[in-house]
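A.B. asks: Per this note's numbering, the very first residue in the sequence shown carries number 5; after that it's consecutive.
Simulated from the structure, these hints should not be mistaken for lab results.
Incorrect hints may have been included.
[Stated by the list, open to error] Taking lysine-lysine and the BS3-like style, the derived pairs with C-alpha atoms no more than 27 Å apart in a straight line are:
| id | residue 1 | residue 2 |
| --- | --- | --- |
| 1 | 134 | 159 |
| 2 | 134 | 241 |
| 3 | 241 | 187 |
| 4 | 241 | 159 |
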Amino acid sequence: MNAIIRGKPDNLDAIGERFERARLTQSVFLNSVPKAGTHLIRNIMRMFVAPEQHWRREYIQHALLSRSRDAFDPKAPMISWGHMLFSDESAVALRDVRHIVLVRDPYDWVLARARFYLSDEFQGNLNHIKDGGASVEDVIMMMILGAHSRVPDLKDVFAMNAVAWLGSRAVIVRYEDIVANLKDLGSKRAEAFFRQLLADCGLDLPADWRERVEAGADPRESRTARENLQVTVDVPKVLSDTHRRVVDFHAPGLRALLGYRD
5 MNAIIRGKPD NLDAIGERFE RARLTQSVFL NSVPKAGTHL IRNIMRMFVA PEQHWRREYI
65 QHALLSRSRD AFDPKAPMIS WGHMLFSDES AVALRDVRHI VLVRDPYDWV LARARFYLSD
125 EFQGNLNHIK DGGASVEDVI MMMILGAHSR VPDLKDVFAM NAVAWLGSRA VIVRYEDIVA
185 NLKDLGSKRA EAFFRQLLAD CGLDLPADWR ERVEAGADPR ESRTARENLQ VTVDVPKVLS
245 DTHRRVVDFH APGLRALLGY RD
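Given these sequences and hints, build the entire structure.
C.D. replies: Structure, rendered in structure tokens:
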């Protein structure tokens with residue numbers, strides 16, 4: 005699916021200048037299920053890694069892998085981000101890279117995906133469903149079961165972008181855990197969480213970590229944050245019982261596999 009994401013650039017490069025940021029000794033790739041909070045984890049980590057080691061060319065995806073291999077060069081460590089599905093090529097490319105995979109509760113992911121497809125920021129091959137072109141209930145079903153020849157279904161997205169990496173050395177991080185700890189930054193729990201996240205990226209936790217996390221997580225600096233999307237119709241805040249049952253029918257066991265419980 006070809007799509008354009010509209011919106012103004014963030015100011016995090018300038019904001020990050022007030023922090024003394026560490027240099028990586030090994031490349032890091034922030035992988036994620038699309039619409040699982042990629043901008044959030046990326047923007048937080050930008051506050052900790054030296055700016056000259058940020059991969060700025062593009063979001064790395066499987067289709068772009070051949071022109072993005074420099075991001076994983078062990079002789080020139082970089083932090084990069086994107087949506088890399090599992091394959092023989094991606095497994096080889098990421099063999100010596102610190103690999104983080106961000107996931108999200110499939111119930112909430114369906115709604116986040118619907119908001120994005122119905123927003124003004126998204127320009128792609130489903131523009132005809134906006135502005136009431138299709139009912140929001142039908143759009144939610146498309147997010148679960150897919151839209152024929154246009155967008156993949158939930159099971160396929162999660163299988164190749166998350167589940168397949170579970171058996172590798174990749175570190176799985178849940179979007180909900182980031183959000184919960186952002187709301188409780190003063191706690192020992194949050195300190196332990198971000199210390200581990202940074203350690204998984206090969207970095208130590210600096211004394212001013214809370215200020216850095218707050219700066220990177222500022223929703224005003226994320227053009228795809230929920231509050232910044234101009235959505236053409238109202239999307240429910242919670243997935244209906246019927247749609248939850250459809251998710252469970254379509255991808256049985258997926259939520260439990262990723263560590264989610266009702």
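A.B. asks: Hint check: residue 134 vs residue 159, CA-CA at most 27 Å. Holds or violated?
C.D. replies: holds, 24 Å
A.B. asks: Are the Cα atoms of residue 134 and residue 241 separated by 27 Å or less?
C.D. replies: holds, 18 Å
A.B. asks: So if I understand the rule, the pair passes when the alpha-carbon distance is 27 Å or less; does residue 241 with residue 159 pass?
C.D. replies: holds, 22 Å
A.B. asks: Just to be careful, I want the Cα atoms of residue 241 and residue 187 compared with a cutoff of 27 Å; is the pair within it?
C.D. replies: Holds: residue 241 and residue 187 sit about 19 Å apart, inside 27 Å.
Checked against the numbered hints above, the structure breaks none of them.
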